[in-house]
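Participant: Which chain is which? The protein sequence lines are Z and S, in order. All residue numbers for the first sequence refer to our numbering, where the first residue is 4 and numbers rise by one. All residue numbers for the second sequence refer to our numbering, where the first residue is 4 and numbers rise by one.
Note that these hints are calculated values from the structure, not bench results. The reader is advised that the hints may include incorrect statements.
Identical copies carry no separate label here, and so any pair may be met within one copy or between two of them.
In silico SDA-like cross-links for lysine to any residue, where the CA-CA straight-line distance does not exceed 20 Å [unchecked claim]:
hint : residue 1 : residue 2
1    : K220      : K252
2    : K137      : E241
3    : K196      : D151
4    : K97       : E325
5    : K190      : T76
6    : K153      : K190
7    : K190      : E72
8    : K153      : D125
9    : K220      : G242
Here the structure is a predicted model, which is why all the values come from computation and not from measurement.
Number of protein chains: 2
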Amino acid sequence: MIKIAVDAMGGDNAPHVEVLGAVQAVREYQVGVILVGSELRLREELKKHDVEGLAIEIVQASEVITMQEAVATALRKKKDSSIRVAAKLVRDGKAAGVVSAGNTGACMAISKQVVGKLPMVDRPALAAVIPTSKGRRALLLDVGANVDCKPAHLLQFAIMGEIFSRSILGISRPKVGLLSIGEEEGKGNELTKEAFPLLKAAPFNFVGNIEGRDVFKGDVDVIVCDGFVGNVALKLGEGLTEMFTILLKKDLSKHLSSKIGALLSRQAFQSFKAKVDYSETGGAPLLGVQGVVIICHGSSNAKAIKNAIRVASECCLSQVNEHIEEGVKALHFLQRPASENLLIN
Amino acid sequence: MIKIAVDAMGGDNAPHVEVLGAVQAVREYQVGVILVGSELRLREELKKHDVEGLAIEIVQASEVITMQEAVATALRKKKDSSIRVAAKLVRDGKAAGVVSAGNTGACMAISKQVVGKLPMVDRPALAAVIPTSKGRRALLLDVGANVDCKPAHLLQFAIMGEIFSRSILGISRPKVGLLSIGEEEGKGNELTKEAFPLLKAAPFNFVGNIEGRDVFKGDVDVIVCDGFVGNVALKLGEGLTEMFTILLKKDLSKHLSSKIGALLSRQAFQSFKAKVDYSETGGAPLLGVQGVVIICHGSSNAKAIKNAIRVASECCLSQVNEHIEEGVKALHFLQRPASENLLIN
Numbered sequence: 004m005i006k007i008a009v010d011a012m013g014g015d016n017a018p019h020v021e022v023l024g025a026v027q028a029v030r031e032y033q034v035g036v037i038l039v040g041s042e043l044r045l046r047e048e049l050k051k052h053d054v055e056g057l058a059i060e061i062v063q064a065s066e067v068i069t070m071q072e073a074v075a076t077a078l079r080k081k082k083d084s085s086i087r088v089a090a091k092l093v094r095d096g097k098a099a100g101v102v103s104a105g106n107t108g109a110c111m112a113i114s115k116q117v118v119g120k121l122p123m124v125d126r127p128a129l130a131a132v133i134p135t136s137k138g139r140r141a142l143l144l145d146v147g148a149n150v151d152c153k154p155a156h157l158l159q160f161a162i163m164g165e166i167f168s169r170s171i172l173g174i175s176r177p178k179v180g181l182l183s184i185g186e187e188e189g190k191g192n193e194l195t196k197e198a199f200p201l202l203k204a205a206p207f208n209f210v211g212n213i214e215g216r217d218v219f220k221g222d223v224d225v226i227v228c229d230g231f232v233g234n235v236a237l238k239l240g241e242g243l244t245e246m247f248t249i250l251l252k253k254d255l256s257k258h259l260s261s262k263i264g265a266l267l268s269r270q271a272f273q274s275f276k277a278k279v280d281y282s283e284t285g286g287a288p289l290l291g292v293q294g295v296v297i298i299c300h301g302s303s304n305a306k307a308i309k310n311a312i313r314v315a316s317e318c319c320l321s322q323v324n325e326h327i328e329e330g331v332k333a334l335h336f337l338q339r340p341a342s343e344n345l346l347i348n
Numbered sequence: 004m005i006k007i008a009v010d011a012m013g014g015d016n017a018p019h020v021e022v023l024g025a026v027q028a029v030r031e032y033q034v035g036v037i038l039v040g041s042e043l044r045l046r047e048e049l050k051k052h053d054v055e056g057l058a059i060e061i062v063q064a065s066e067v068i069t070m071q072e073a074v075a076t077a078l079r080k081k082k083d084s085s086i087r088v089a090a091k092l093v094r095d096g097k098a099a100g101v102v103s104a105g106n107t108g109a110c111m112a113i114s115k116q117v118v119g120k121l122p123m124v125d126r127p128a129l130a131a132v133i134p135t136s137k138g139r140r141a142l143l144l145d146v147g148a149n150v151d152c153k154p155a156h157l158l159q160f161a162i163m164g165e166i167f168s169r170s171i172l173g174i175s176r177p178k179v180g181l182l183s184i185g186e187e188e189g190k191g192n193e194l195t196k197e198a199f200p201l202l203k204a205a206p207f208n209f210v211g212n213i214e215g216r217d218v219f220k221g222d223v224d225v226i227v228c229d230g231f232v233g234n235v236a237l238k239l240g241e242g243l244t245e246m247f248t249i250l251l252k253k254d255l256s257k258h259l260s261s262k263i264g265a266l267l268s269r270q271a272f273q274s275f276k277a278k279v280d281y282s283e284t285g286g287a288p289l290l291g292v293q294g295v296v297i298i299c300h301g302s303s304n305a306k307a308i309k310n311a312i313r314v315a316s317e318c319c320l321s322q323v324n325e326h327i328e329e330g331v332k333a334l335h336f337l338q339r340p341a342s343e344n345l346l347i348n
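Make the full structure from the sequences, and use the hints.
Facilitator: Rendered as structure tokens:
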């Protein structure tokens, strides 16, 4: 049985939601979970559930990296943090993947350091699963693992995202788009203009540049950008969702008729909220590292943790990493001269 | 009386909304309008309104640059386009500003070429007025005039935006933020990391880095970024707004109770839509050029055109350009060594 290590101490609501999510995942899916963190607290938390016969273990870690902590310091000082111990389980083959709702920067750095990159992958990329108007989910990457990128990095992001989209999101021939500021090939900044021909020549379904307004349309399945742009875009989406909720609530509570209206349409609102809720998608995979790493939002609920464990296990079953290794290797041989030139620039 | 030239042929709904917006503006504000475009069509359109005694003139232009047209070709071939003729009126002192809902790229290029930059401004910037949760409007710039920027450009964007925010949006001491991927000074890409100390040393209220999720919060009044990031962010916001509307409508029409709910809460929805509607804000000023240039969304309605004419006239009355000239000059003398070093890199 596939075992997933869960950093049980990192999130805003730890360890409550991590333990609950793990219990639900083990009950619902064919997966085992290793909870990593304070053994004492985790035993306490597990007592709340009937875990008789469930494939749940605990591994002790004495420290926690907080959300506010500077990554460099935390990495140097906290050698027994729950995320590091969880990553070591993956490195040592005791777990196939790791799920964390902790400090994203620390989680990415430790994954790269402890678990290591896949061969020939230059830069692992954090991929966000986002909702679209058409209902199907799209993948936006990189959303923060790499701020200053070269064209050849974007090419690798594209191939990794395409494989995840096919294997996990179940899209048979994913459309890959380059996030830019105009649809024509010549539009964009230096980075996207140089990346465009690389993506065009790659062995996947590249549909060209797409603009910000197309990200949520659902016409493109894999949206590639550098980690600065992707991070701004992802967080802007979160902020705008929050603003919509606040403004709508304010307006709806102003008048009696709209209060009644809001009550009557509550079901619709809830179904709508579920569609745009990032936590429903089960976290963001860090693609390009050994093992499987799924990073969840700090404010994740148990459902998000459960879904992240499911996605981690699906990545193992679908051999996402093996496919990424092959894909990146094929690209490397196909495009060596061009990509190497661009990396030198 | 201040006269504003209106490119009456450029928008998706031209010349109908341009003429209607102009008539409304001239009636409501102390402003005159010169409509630029096909004299025949504009005379026709004006017949629909009672314009007796209104300060509305027509200036003939035989060509129109369409939305789809490549900017470089359009600039070379269409010498008598409505936007170019309107810009010439500004250059020749016959109008104080120009409003256009036409091809944004062409409008920016022609403004820089025909009207020219203000002294010491390196790069004019397109500034979008955006809604926030707190009700007050914020300014995001640059949203597409400059894709690859140097740190010193961001500094100029900041000072220009700060002046517009104070003079036109009526914010007494605007908070200026740098759009990045973490709040700490060390977070960001090469560009923002180098721009941070320049902004910190500048004579305005710099509040540091802000993240994508803070853009719509209303805590920061002027949000500075390069034109690639700003354009992606702005269009992503538009796309997400559209997705919200589509998904909510779908969900609300599913059940009878929520249909009734939607009817009852219609007033709230309308008030909400007005708040997030970009067209209510009257277009985006292109800051840093001689004269006043306001670029409206292609799908602008008459109200947006009217508001843009109002904003253009307010820019003249508040002497925004004079203040920008002084501000940029002061920066130049204050920070010459630092900014010149950074420009050379």
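Participant: Hints first: check each against the structure and report whether it holds.
Facilitator: Verification of the hints:
1. K220 <-> K252: Only across copies: K220 and K252 sit 15 Å apart there, 25 Å inside one copy, limit 20 Å.
2. K137 <-> E241: both (19 Å within a copy, 16 Å between copies)
3. K196 <-> D151: both (15 Å within a copy, 11 Å between copies)
4. K97 <-> E325: Cα proximity of K97 and E325: one copy only (19 Å, versus 68 Å across).
5. K190 <-> T76: between (41 Å within a copy, 15 Å between copies)
6. K153 <-> K190: This pair counts as both: shortest intra-copy Cα distance 17 Å, inter-copy 19 Å.
7. K190 <-> E72: Between. Shortest inter-copy distance 13 Å satisfies the 20 Å Cα cut-off; intra-copy 39 Å does not.
8. K153 <-> D125: within (10 Å within a copy, 27 Å between copies)
9. K220 <-> G242: both (18 Å within a copy, 7 Å between copies)
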